[in-house]
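Participant: Residue-level listing of the chains:
Number of protein chains: 2
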Amino acid sequence: MFEIIRRDGLARIGKLETPHGQLETPALLPVVNPRLVTVPPRELHDVFGFQALITNSYIIRNDPKLNARAKEVGLHEMLDFPGTIMTDSGTFQSHMYGEVEVKNEDIINFQREIGTDIGTVLDIFTEPDWSKEKTAHAVDVTMDRTIEAADLKGKMLLAGVVQGSVFEDLREDCARRLALVDVDVHPIGGVVPLMEQYRFAELADVIVASKKGLDPSRPVHLFGAGHPMVFALAALLGCDMFDSASYAKFARDDRFMFPEGTASLADMKGIHCHCPACQSHSYQEIAAMKPAERAALIARHNLWVSLEEIQRVKRAILEGDLWELVERRCRAHPALLSALRHLAKHQEYLERFEPLSRDNSLLYTGPETLSRPIFLRYERRFFERYKYPDTEVMVAFEEAGKPYARHYQKEMADVMESCDAHFFVASPIGAVPIELDEMYPVAQSLFPEPPDLQTKERIREQMEHLSHEHPYALGVAWDGQATIDTLMMMCQKKPSFDIDLARVRAVCDYQFGKGAADLLLDGKVAIKKSETTGKIRNVLVDGEHILSMRANDGFFTLRPPGAMRLKKGFDAPKLRVTVKDDSIPFNREGKNVFNAFVTECDPEIRPMDEVMVVDQKDDLVALGRAILTREEMFSFRTGIAVKVREGIKL
Amino acid sequence: MFEIIRRDGLARIGKLETPHGQLETPALLPVVNPRLVTVPPRELHDVFGFQALITNSYIIRNDPKLNARAKEVGLHEMLDFPGTIMTDSGTFQSHMYGEVEVKNEDIINFQREIGTDIGTVLDIFTEPDWSKEKTAHAVDVTMDRTIEAADLKGKMLLAGVVQGSVFEDLREDCARRLALVDVDVHPIGGVVPLMEQYRFAELADVIVASKKGLDPSRPVHLFGAGHPMVFALAALLGCDMFDSASYAKFARDDRFMFPEGTASLADMKGIHCHCPACQSHSYQEIAAMKPAERAALIARHNLWVSLEEIQRVKRAILEGDLWELVERRCRAHPALLSALRHLAKHQEYLERFEPLSRDNSLLYTGPETLSRPIFLRYERRFFERYKYPDTEVMVAFEEAGKPYARHYQKEMADVMESCDAHFFVASPIGAVPIELDEMYPVAQSLFPEPPDLQTKERIREQMEHLSHEHPYALGVAWDGQATIDTLMMMCQKKPSFDIDLARVRAVCDYQFGKGAADLLLDGKVAIKKSETTGKIRNVLVDGEHILSMRANDGFFTLRPPGAMRLKKGFDAPKLRVTVKDDSIPFNREGKNVFNAFVTECDPEIRPMDEVMVVDQKDDLVALGRAILTREEMFSFRTGIAVKVREGIKL
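If you read the protein sequences in the order shown, they are chains A and B. Taking the working numbering, the leading residue of the first sequence gets 4, the next gets one more, and so forth. Taking the working numbering, the leading residue of the second sequence gets 4, the next gets one more, and so forth.
Mixed in with the good hints there might be a few duds.
Pairs involving identical chains hold if they fit within one copy or between any two copies, as the list cannot separate such chains.
To be verified - Taking lysine-lysine and the BS3-like style, the derived pairs with C-alpha atoms no more than 27 angstroms apart in a straight line are: (1) Lys18 <-> Lys517; (2) Lys68 <-> Lys532; (3) Lys272 <-> Lys594; (4) Lys459 <-> Lys272; (5) Lys272 <-> Lys646; (6) Lys18 <-> Lys272; (7) Lys348 <-> Lys459; (8) Lys646 <-> Lys18; (9) Lys652 <-> Lys390; (10) Lys135 <-> Lys18.
In short, the hints are calculated from the structure, not lab data. All figures in this text were calculated on a predicted structure; none of them were measured in a lab.
Kindly produce the complete structure, drawing on both the sequences and the hints.
Facilitator: Laid out in C-alpha cells, this is it:
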C-alpha cells in the first residue's frame with residue numbers, strides 16, 4: 004500500500020508499506036551483492052539510516068551456499084538487515100551476460116520462499132539499440148511473465164517492470180497494460196545503458212512515457228539509477244525509488260560521486276568533502292591508502308553523498324523549489340541540460356500536475372525555465388479566461404527591433420497622463436494585466452537582467468498573441484521587476500478604473516474559470532483590505548463574505564456563500580469533489596476527504612486548487628484544497644484527496 | 004610576501020607569509036567578535052583547520068578589560084589562536100553606527116602593539132548611495148591614511164583598503180594609487196551593502212575595477228564576504244581572501260548557509276546536511292534545541308559549509324573547471340545570474356589572464372558560457388591569425404531561417420563528392436576549419452542539444468564575420484558534436500589537401516602568431532604520427548625535430564630548433580622572457596625562471612603559453628611555459644615566472 008504525503012507536480016513524498024516496515028520515498032536502495040559485501044547491510048541500516056536495500060535473487064539462487072542459507076534462515080537474517088529488502092530477478096544479468104538460466108516461475112517462487120519483501124518479475128531487458136519489433140515482442144513476454152508472477156506472489160510485494168527500450172509508445176503501452184495487473188511497484192527497466200551513455204534526454208522521455216501509462220498509486224522505481232546527478236530530475240518526473248551498485252563499483256575504480264558529477268581520484272587535485280567518510284582524511288591520506296581500504300572509504304562517501312541528495316530532493320518537494328534544484332543540477336553536464344531542454348516537449352503533460360502555487364519564489368536559471376509548466380498554465384488561463392476591460396483603451400509601446408527598452412517609460416507616463424488607459428506588462432511570464440500582478444507566479448518570480456534572447460523572444464511571442472486576441476492590445480515596455488513597480492505606482496496615482504474590483508474579477512476568472520467573476524460578484528461588492536499591507540483580504544457581496552485573498556500567492560479561498568454561487572452557476576463536476584455518503588458526516592465536521600470515498604471529481608482540478616466537496620445530490624459538504632488530481636483520487640486506495648478547511652454543518 | 008602556486012585566469016592559489024605562519028589562499032577568515040565568541044578560536048584552528056581569523060581592533064581598544072589584556076599578553080594569547088590574526092580598524096563600525104572615535108595613527112599603533120599579523124588602515128567606508136564627489140573625497144582621505152599607516156606599520160603586515168563606492172573609475176584610480184604605497188594586502192571595502200542587497204552585478208564591476216589597478220603580487224581580500232554563494236565568483240575575479248561574521252550572525256537568526264543560498268529554519272521542512280555539525284541531529288532535534296545551543300550548531304554548520312566551498316573552489320582552480328563551478332553557483336539566484344551576465348563586459352580584461360588551455364573540458368551551462376574569455380580568444384586569433392587556403396573552394400550551406408539543420412548533411416556530402424572543398428564547421432566556438440578541430444577548446448567542448456537562441460545567434464554572427472573576411476567563405480551545417488565527426492569522416496575519406504600539414508600550419512599560427520608557420524615550416528616537412536591514436540606527435544623540418552604536439556590540448560611544445568626559427572623571424576620581445584645574467588646558468592640546467600630575474604617579457608604572453616627564455620643578448624637559454632603574464636612577472640618578487648622544460652646547454 005502506497006500513500007502520498009506531499010507532492011510537487013509529479014514528484015512526491017510517499018510511504019510504502021512492506022512486510023518489513025514503512026519505506027519513505029523518494030528512497031535510494033543500495034545494491035548489496037551477497038557475494039561481495041562492500042558496506043555491511045547492518046551498517047547501511049543503523050549508521051546511514053537506509054530503510055531498504057536491494058539484492059539479487061538470481062545470484063543467491065545460483066550460489067549453493069547462499070541458496071541453502073537463504074532458504075534456511077531467510078534473506079533478512081542472512082544479510083543481517085532489519086528493513087525492507089527488494090530483490091532483482093536476473094534480468095540485469097541477461098543484459099550483462101546474455102541469457103540467464105532460470106524460469107520466471109522459479110525465480111518468483113524462490114524470492115517468495117526466501118522472504119523477499121519486494122520481488123521482481125523476470126522481465127526482458129530491452130536494449131536501446133533494439134528494433135521496434137524485437138522490443139514489442141520483449142514487452143509481450145514481459146507482460147506474460149508479469150501476469151504469471153502476479154498469480155504466484157502471495158504476500159510478497161511484486162515489482163512489475165516497464166520495458167520498451169527508447170520507444171515512447173511501447174513504454175506507454177507496456178505501462179498501461181501493467182496498470183491492469185496486480186503488482187505493487189513499477190520499476191522502469193532497461194535504462195542503465197541510457198544513463199551510462201549520458202543519454203539523459205531519452206531517459207526523460209522514457210520516464211514520462213512510462214508515467215503516462217502507469218497507475219499513479221504505485222511507486223515508480225528507476226532501475227539502476229544511483230548517481231546523485233540524476234535524482235532531482237528523475238524525482239521531478241515522478242520516480243519514487245532508486246537503486247544502484249554504482250556507489251561500490253565507482254569506489255573500486257577510485258571514483259567519487261557528487262551531485263555535480265563523478266571525480267576520479269587520479270584527476271582530483273584535492274578533496275573538499277566533509278561527509279562522515281571523508282571528514283578526517285586528507286586527499287594525500289586517501290591517495291596513500293591500500294586499494295581495499297580506499298574503496299571502502301569511497302563507497303561510504305558515495306553513499307553519504309547520495310543520501311544527502313535524496314534528502315535534498317525531499318526538502319525541495321516540501322519547500323517548493325524542486326524545479327530550481329533540478330535546473331541547477333542539470334548544469335552538471337550538457338547532456339543533462341539537453342534533458343532539461345527536452346522537458347519542453349512534455350509541458351502539456353506536466354501541467355496537469357502543476358500546483359496552483361508554491362511556497363517558494365520562481366527563480367529564473369536560464370532559457371529552460373521558460374518551459375516550466377507554470378508558463379503554459381499562465382498563457383493558457385490568461386488567454387482563455389481573462390476578460391478584457393470594455394471601457395479602457397489599450398496602449399501600445401511597440402516598435403520593430405526594440406520593443407521593450409527603458410526609454411519608453413517616460414513616453415508611457417506621458418500617455419498615461421493623457422488617456423484613460425489599461426496597461427499590460429510584457430513580462431517573461433506572459434502578458435500581465437496589472438490586476439494579476441500579485442498572483443502566483445507573477446509577483447513571486449525573479450528574473451536576471453538584462454534578459455537573454457530566449458526571454459526576449461518569449462515576451463515578443465506573448466505580446467504578439469495578445470495583439471491577435473485583442474485588437475487594441477499591444478505590448479507595453481518590459482524592463483524587469485522595476486517596470487512592474489513603476490507601472491503600479493503610476494496606476495495607483497491615477498487609477499482609470501477600480502483596480503481592486505478589477506483584481507478580484509481577474510483572479511476569480513483565472514482561478515475558478517471563465518465566468519466565475521460574474522457568478523461570484525453579482526450584487527453589491529465590498530472589498531476589505533489589510534490596514535498594514537493595503538492588500539485585499541476579504542470580498543463581501545450583498546453583505547456576505549464570499550472570498551478571502553491569501554497574502555502569499557494572491558489566490559482566493561472560498562467562503563461558503565461564494566461556493567454556493569459557483570455551484571449554482573457551474574454545472575457538476577466543475578470545481579467539485581463528490582464523496583460517498585459514509586464520508587459526509589466526517590467532512591461536515593471539517594475532517595479531510597480520503598481517496599477511497601471519492602466518486603467523482605472535476606478533471607480540470609490541479610493540486611492545491613480550491614474545491615467544493617459535495618454529496619451525491621451535489622449538496623455542499625465542505626470546502627478545502629485538492630491534494631490530488633482526479634485520476635490520482637480514483638487510483639489511490641488510501642491517503643488524502645482533499646484537505647478540508649471548513650465543513651458545512653447541516 | 005605573497006606567492007602564486009597555481010592559477011586559472013585571475014583566480015589563484017597562493018601563499019602569504021605572515022608573522023604567525025603561512026596562509027594558503029583562497030582563504031576564509033572567520034570573524035571573531037572578542038566580546039561574543041560563538042566558536043572558540045582554538046576550535047577554529049584545531050578542529051576546522053582555519054589558518055587565520057579576523058577580529059576587530061577597534062572593539063578591543065574601546066573595551067578597557069580587553070584593551071589591557073591584549074596589551075599585556077598579546078592578541079594571540081588573548082584569543083588563544085596560534086595562526087594568523089588580521090584585525091579590522093573600526094571602519095565597518097563607522098558604516099554601521101556613524102563616526103568612530105579613533106584616529107588612524109592611534110589604531111595602527113594599537114594594532115601593532117597588540118601583535119596583529121595583518122593590521123588595517125582606518126579607511127572611509129564609501130557607501131553605494133554616495134555622490135561621486137563625496138566618494139572621491141573619501142578615497143583621498145583613505146589614501147592619506149594609508150600612506151600614514153605604511154610609515155607606522157613596522158613588521159606588521161598592512162591592509163590598504165580599496166574604496167570608491169560603485170564608481171568603477173574611482174575604484175581603479177584608488178587601486179592604482181594604493182599599488183604605489185608599501186602595503187601588503189588589499190581588501191576591497193565598502194561592498195557589504197552590495198552583498199546584502201544582492202547587487203552582485205555591481206559587486207563584480209567593483210572587483211574587476213579594483214583588480215585592474217592593484218599590484219597583482221598582493222593578495223586581494225573581499226571585505227565582509229562570507230557567504231559560500233559568492234566565493235566561486237569572487238575567486239574567479241581574483242579575490243584571494245574572504246571574511247565574514249555571517250556564519251555567527253546568520254546562526255543567531257536560525258539561518259543555514261549553503262552554496263545555493265540561505266535557508267531559514269522556519270522555512271525548512273527538513274535538513275539534508277551531513278556536515279560534522281549537523282550529522283548526528285535530525286531536523287526535529289535541531290528545531291527543539293534551546294536558541295543558544297542551536298545557534299552554536301548552526302554557526303558550526305555555516306563554517307563547515309563555507310570551508311567546504313573554499314576547498315571546492317581551490318579544487319576547481321587546480322583541476323581547471325572554475326568557470327563551470329561559477330556558472331553553476333550563479334544559478335543560486337537571478338541576481339547572481341545577472342552578475343554572471345555582467346562578466347561579458349569584462350571579457351577583454353579577463354582574456355589577458357585566460358590560460359592557453361585547461362585540463363578540464365569546456366562544459367556549456369547556458370548562454371552566459373558564450374561570454375567566457377576563451378570565446379573572445381578564439382574569435383580574435385582565428386580572424387587575425389588563420390591563413391585561408393588559397394587553392395580550395397569554400398562551400399556554403401546557408402539559407403535564410405534554417406541555416407544549420409540536419410538535412411544539409413546529405414547535400415553537403417554530395418558537394419564534397421563533386422568539388423575540391425575546404426570546410427568550416429559553424430560551431431558555437433566560432434568558425435572552425437577542420438585543421439583546428441583537435442585544438443583546445445574546440446575538441447574539448449560539450450554543448451547541449453538543441454542549441455538555444457543565443458547559441459544560434461552566436462553561430463550566425465561568427466559565420467557572418469567569416470563571410471566578410473573571406474569572399475568565398477560561408478557557414479557550413481552545424482549540428483552539434485555529431486557534425487564535427489561527420490565532417491571529419493567525410494574529409495578523411497577524400498582529403499582534397501594535406502590535412503596534417505594544414506593542421507600543423509594552422510595551429511602554429513594560432514598558437515605562436517601570424518607568420519609562425521612560415522618561419523617554422525620553411526624546408527622539407529615530415530610529420531610523425533602516433534601509431535595508436537593516429538594523431539600528430541612530432542614535426543621535423545629538414546630532419547630537425549622542431550615541434551611536438553600535445554595530445555591533451557592539441558597545442559605544440561617547442562623544440563630548440565623550432566625556437567631558433569621563431570627567434571630569428573620574430574623580433575624581441577615576442578614569445579620571449581628575458582632574464583638576468585645570474586639566472587642563466589640555472590635555467591640552462593633546466594631550472595625554472597623566478598620572477599625576480601625577469602627583465603623583459605612579451606606582453607602578449609598568456610598563462611601556459613610556450614615561451615623562449617633568453618639572455619640580455621637574446622640568446623636562447625631555455626624553453627618552457629609561462630605561468631604568469633608580463634605584468635605579474637614584474638610585480639612578484641618571488642615565485643615562478645616560467646616553468647622550464649628544457650635548458651639549452653652551451
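Participant: Compare the structure with each hint and give your call.
Facilitator: Hints versus structure:
In this assembly of identical chains, the alpha carbons of Lys18 and Lys517 never lie at most 27 angstroms apart, being 38 angstroms within a copy and 67 angstroms across copies at closest. For the homomeric pair Lys68 and Lys532, neither the shortest alpha-carbon distance inside one copy (76 angstroms) nor that between copies (55 angstroms) is at most 27 angstroms. In the homo-oligomer, the alpha carbons of Lys272 and Lys594 lie at most 27 angstroms apart only across protomers (24 angstroms), although the nearest pairing inside one protomer, at 58 angstroms, exceeds that limit. Proximity of Lys459 and Lys272 under a CA criterion of 27 angstroms is satisfied in neither setting, with 41 angstroms inside one chain copy and 36 angstroms between copies.
In the homo-oligomer, the alpha carbons of Lys272 and Lys646 lie at most 27 angstroms apart only across protomers (19 angstroms), although the nearest pairing inside one protomer, at 52 angstroms, exceeds that limit. In this homomeric assembly, Lys18 and Lys272 come within 27 angstroms of each other (Cα to Cα) only across copies, at 17 angstroms, whereas the closest approach inside a single copy is 42 angstroms. Within a single copy, Lys348 and Lys459 get their C-alpha atoms as close as 20 angstroms, and across copies as close as 20 angstroms, so both meet the 27 angstroms cut-off. For the identical chains of this complex, Lys646 and Lys18 are intra-copy neighbours only, at 18 angstroms inside a copy versus 60 angstroms across copies, given an alpha-carbon limit of 27 angstroms.
In this assembly of identical chains, the alpha carbons of Lys652 and Lys390 never lie at most 27 angstroms apart, being 35 angstroms within a copy and 87 angstroms across copies at closest. Taking identical chains as interchangeable, the C-alpha atoms of Lys135 and Lys18 are never at most 27 angstroms apart, the minima being 36 angstroms within one chain and 61 angstroms between chains.
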